[in-house]
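Please build the complete structure, drawing on both the sequences and the hints.
Protein chains: 4
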Amino acid sequence: MISFESFKENHKICFGSDNHSGAHPKMMKALEAVNYGHAPSYGTDPLTKAAEDEFRKHFGSHAQTFFVFNGTAANVISLRALAAPYQSILASDQSHLHWDECGAPEFFTGAKLLLCPTQNGKITTDKLTDHFVRRGDQHYSQPRVLSLTQPTELGTVYSIDELKSLISIAKEHGLLIHIDGARLANAAVHLGVGFADLTTQLGVDVVSFGGTKNGLMFGEAIVCLTPASAHAMKYLRKQSAQLPSKTRFVSAQFLAYFQNDLWSEIASHSVTLARYFRKQLEQIPSLHFVAPTESNGVFVKLPQSIVKKLKDKFFFYVWDEKTFSCRLMTTWDTQQSDIDAFVTELKSLLQNKEG
Amino acid sequence: MISFESFKENHKICFGSDNHSGAHPKMMKALEAVNYGHAPSYGTDPLTKAAEDEFRKHFGSHAQTFFVFNGTAANVISLRALAAPYQSILASDQSHLHWDECGAPEFFTGAKLLLCPTQNGKITTDKLTDHFVRRGDQHYSQPRVLSLTQPTELGTVYSIDELKSLISIAKEHGLLIHIDGARLANAAVHLGVGFADLTTQLGVDVVSFGGTKNGLMFGEAIVCLTPASAHAMKYLRKQSAQLPSKTRFVSAQFLAYFQNDLWSEIASHSVTLARYFRKQLEQIPSLHFVAPTESNGVFVKLPQSIVKKLKDKFFFYVWDEKTFSCRLMTTWDTQQSDIDAFVTELKSLLQNKEG
Amino acid sequence: MISFESFKENHKICFGSDNHSGAHPKMMKALEAVNYGHAPSYGTDPLTKAAEDEFRKHFGSHAQTFFVFNGTAANVISLRALAAPYQSILASDQSHLHWDECGAPEFFTGAKLLLCPTQNGKITTDKLTDHFVRRGDQHYSQPRVLSLTQPTELGTVYSIDELKSLISIAKEHGLLIHIDGARLANAAVHLGVGFADLTTQLGVDVVSFGGTKNGLMFGEAIVCLTPASAHAMKYLRKQSAQLPSKTRFVSAQFLAYFQNDLWSEIASHSVTLARYFRKQLEQIPSLHFVAPTESNGVFVKLPQSIVKKLKDKFFFYVWDEKTFSCRLMTTWDTQQSDIDAFVTELKSLLQNKEG
Amino acid sequence: MISFESFKENHKICFGSDNHSGAHPKMMKALEAVNYGHAPSYGTDPLTKAAEDEFRKHFGSHAQTFFVFNGTAANVISLRALAAPYQSILASDQSHLHWDECGAPEFFTGAKLLLCPTQNGKITTDKLTDHFVRRGDQHYSQPRVLSLTQPTELGTVYSIDELKSLISIAKEHGLLIHIDGARLANAAVHLGVGFADLTTQLGVDVVSFGGTKNGLMFGEAIVCLTPASAHAMKYLRKQSAQLPSKTRFVSAQFLAYFQNDLWSEIASHSVTLARYFRKQLEQIPSLHFVAPTESNGVFVKLPQSIVKKLKDKFFFYVWDEKTFSCRLMTTWDTQQSDIDAFVTELKSLLQNKEG
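Protein chains in written order, with my numbering: chain Y, 2 to 356; chain D, 2 to 356; chain B, 2 to 356; chain C, 2 to 356.
The set of hints was computed from the structure by calculation and includes no laboratory data. Only a predicted model underlies this, so the values are computations on that prediction, with no experimental measurement involved. Wrong hints could be hidden among the right ones.
Okay, derived cross-link-like pairs now, PhoX-like style, lysine-lysine, Cα gap no bigger than 25 Å in a straight line [claimed, not checked]:
1. K50/D with K314/Y
2. K312/D with K348/D
3. K27/C with K9/B
4. K30/Y with K30/D
5. K323/B with K128/D
6. K58/B with K9/C
7. K50/Y with K314/D
8. K354/D with K309/D
9. K348/D with K309/D
10. K172/D with K128/D
11. K50/C with K13/B
12. K309/Y with K9/Y
13. K354/B with K13/B
14. K302/B with K354/B
15. K309/C with K27/B
16. K58/Y with K9/D
17. K323/B with K354/B
18. K50/Y with K13/D
Dropping the structure here:
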């Protein structure tokens, strides 16, 4: 067998992203457990039916779930189901949809993405209605979807009340609601609520439900909460090249994810470690934070002069090259000792700098 | 842990498809072996670099490989790299591209699919030039790509000479060449040649190289053999929602696939078993075959009256509901005893029918 | 003033197409008549309202009409209103949509075009249901629209009964109906019926109603006969770059077109002249006709050896380069003497050939 | 003949838009002059060749011109020629492309529109490079085109030096240059330069050259200044449903437009009248202007309380409903007396308001 071990050497402690971690051991076990014999392909196997049922337990009995490979796909296929090309999609001016998908939303939907101003990564209600003044004007791409990232790209979490306000305004103006929930479990844990409280109960239409950033090897779910949004979904998924042939391997991971509330265990670990990280960093008076830490990421500005040295020992991303705001992400396998090592090194570099 | 065992019960012997089988044990081992610590995401990890190198060994030192999730994606992204929307793509009138992708080629490329007549699933040279008579006519979608499925959807294999003839005509008329190679390994084994002999040496531009149908859990490769075809590929892949975040898990499987010629072992097994299957069936004089068996599928017409009974015991697809032509696929885990059981049952049903 | 006269010289008698002729004098007068002062743009002017009302007189009180520039646009925007990208559009294997739009239908709709076999240019009912056997199969682009060209590209006309049969089958299978009516007036005259008899009364959803080929300088109409098809049309038209800014100049021409049944006068002239043409040609025993002459085109096979010589004196198109089937089109300004000149020359060439 | 006169009644003096005016008398004469006999369709007629030559006189001997119906089309087809779907197009945050095309740019190109901050409607150089920091990053839609509106949507004109600066930065970063020149003639007149000085000499790739807003009944030109941009243009135009069949009627108008510098006469009239308008309004001390008046539009804030009354007598648009900034457009048939009447009424309303 190939010496896969050789690739392991010199791994730095990593706060790069929750998709830098591997598969959670229970996911790996699930993959092994279902790797027997033959199973019908393209989502028609019994494991997939069972996993779809599991989603119904969390999102309500009317939820219809469609597994896909990755988060970009979950988002753009969801949006295909909600918006026609002559319509527009409202998203935050920090949104992954706008900045990090190489134009996938526009390519898949043919529609326009319109940006909404944010505070701490969250869309504010005050300017939202500006987008609706040209309702009915044939020259203006008609707003049809509000896409909310929960938690946001800055690691903050919309409260239930904030969601209610935004969704209420949106619905008054005829919009449908999409949640980009690549890390939705972290938001649920932070708020101490269930998935339905964050979505179904608030009138959300479709959720992109993350797996890969929550311990899966691969796999995301499009959760349709309204019949209209699910109506053509199986065709949209196929035409969008996202119907897994050996679907059972996605489904098995999601079955494991929900079993014994593993989802909550993973999310709690990540969120707790991020809080711990924040607390340690707050003890360094010279640091400024970019946003509250409400899920599994700490955003903090670091002095430019020490960032390179820190990166020699730890893997993390500079989020904004202008302000040297850095993103420190925790995940299911982050250890408290990883954080302690980082903070110790940071303190030492800051002292040397000052000294 | 969830009782995944419960889903196993009553599994029929299956000749449904090579994507009904699970992951080859060596793939599963590779997945386990690389499931350690953190790795850079989105194809920037060392395992992915190593896997890309492995493809260069087989396809030539200039090959540039891009991993994606599934075969539909490998095909349509390849075509995006080769054809503009005002151009057309020539494919066989039996092609998966036309019949089984829910319009994904048209959706992703915006281009037109033009069908070519076939014999035994293979495009014939005689009518190919019909497509070129309107070269330069602004009203006519301009032919730009010839897409060849190797092996074909009917389990036949283009010979090197047949490929040379088709590619030569195509290139004379300014076309680029795409190979839909979801099962290319089977063709290589059947012809006793290497991958480059079937592609690089013949002037092919891009290959969709299959993994999932050859023992992988998931994962395919777009192999660009010309610089022009690779030029924008990383953006096309991302925009097409097919950049895996935890790429190492695709790469590790392909590393295992090429190690010690596992690819050849798997393909040989499948092809040999299909030949055996054919030979057993040929001993039943009343049966008619649809096409030669040159890879891992036997296409045979079965009497309508017994198909249902056979399907009660074995899983397989009726390929053409009008002629009751049936497709019997072998895969890496097909056993000779599976085939024997099928043939025995078939003989028995035929005798009862006649008796 | 520029010497536009200089461009006139040496004009051949032309049977090339009904879009080779200029604007009918009454259209030109209408353009002059409305070229005063300022008018609201983008379809909000009173002339446009009046023209839309005129269409309601002919297509029924629920008809909603949207003016566009040309026939390609009328077709593809109509199809955008009827089909989603994961659906397919059934059209004849002779259709302009397939052969002569440089892939515009696929580009605008993202959907798949599926071809239906024809007899005399008309889709036959016998194989139509073949397209519906995979209804509900996620891998198959789902048939949603039947597009009928009336008159057909071969100058034949579907009878009311033929339309009823095709539409009845289509509707049983959940399809919507589009009429490509670039020359619909000619069909109406041939059948001796009104526009509603050919469309509204038969359950048609959307008509592409031709102007340019019927005496207008430019301008076509999308006539929506169902509320659903009209629902997003104003946005689809704008996004498709087909909202004329000085709309009054399209509308005025259509007002003139319907005034005092000018439409009927123009169509009758064209159809009558084509019948005359056919009759003259039928007196030459050696000629073979490709299809019945039921609107304004005669399709006849001419000996290859004389075609070039004929083309030196007359402008017309060889429709099929293999069979030397030629298309001879009449239009609003075709003269009987033009036809006589052609027939005389043809006879002379044939005699010389034989002699 | 229909009483087109009846539609004329009660026309208000109109400063709505230059597309509210009709066709210039010389355009109408050109249309009449070429309305004879038959001409080859789809741009193959001699008038079209002559008009294309005329463009070469103004834009340089390598210019290749393609006529289309309207300005939206000229823009989006130009952009199709310059940008692939994975690339992005930089346009001003005031641009018609973004605000008034119902998403046509995204729909036709599949690419992303990125907005640049402006001053007086003109993109400033200072933040332009922000868009290039993620060059080569597969997650980021790659900037490929800078689209400049000349004159801008606020009636200002980029100076030659401003164009040089912007284009120089853009080209350093690998961008192609598109000019949205719906009113380019007005900019040329304002700056006292020729069309090539504003485009060809500065390295512009493609110009959308306006006709409809400059006295034509309909018709715009896509002027390709580089071979690469023209390469596939005839197919892009056809597939985009913008190939006029009776092309001669567009071409004849453009021939007339360039004859005896009619273009300059029309533009000078419009620009001069706008300057006059501005001058009259500047005599009212209480008014605030939104931007300099450099082409044919005056943008001025009017007290909300009098706008409605003014609109009862004159047609114009409120440009910004929040600030009551109003747009007053002149065109080829605007009369000084129209302006005087407006100013007199405005003064009277302002006095009454104060009184």
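Quick rundown of the hints versus the structure:
no.: 1; hint: K50/D with K314/Y; result: 22 Å, holds
no.: 2; hint: K312/D with K348/D; result: 14 Å, holds
no.: 3; hint: K27/C with K9/B; result: 19 Å, holds
no.: 4; hint: K30/Y with K30/D; result: 12 Å, holds
no.: 5; hint: K323/B with K128/D; result: 13 Å, holds
no.: 6; hint: K58/B with K9/C; result: 23 Å, holds
no.: 7; hint: K50/Y with K314/D; result: 22 Å, holds
no.: 8; hint: K354/D with K309/D; result: 13 Å, holds
no.: 9; hint: K348/D with K309/D; result: 15 Å, holds
no.: 10; hint: K172/D with K128/D; result: 15 Å, holds
no.: 11; hint: K50/C with K13/B; result: 19 Å, holds
no.: 12; hint: K309/Y with K9/Y; result: 23 Å, holds
no.: 13; hint: K354/B with K13/B; result: 23 Å, holds
no.: 14; hint: K302/B with K354/B; result: 15 Å, holds
no.: 15; hint: K309/C with K27/B; result: 40 Å, violated
no.: 16; hint: K58/Y with K9/D; result: 23 Å, holds
no.: 17; hint: K323/B with K354/B; result: 20 Å, holds
no.: 18; hint: K50/Y with K13/D; result: 19 Å, holds
When held up to the earlier numbered hints, the structure conflicts with hint 15 and nothing else.
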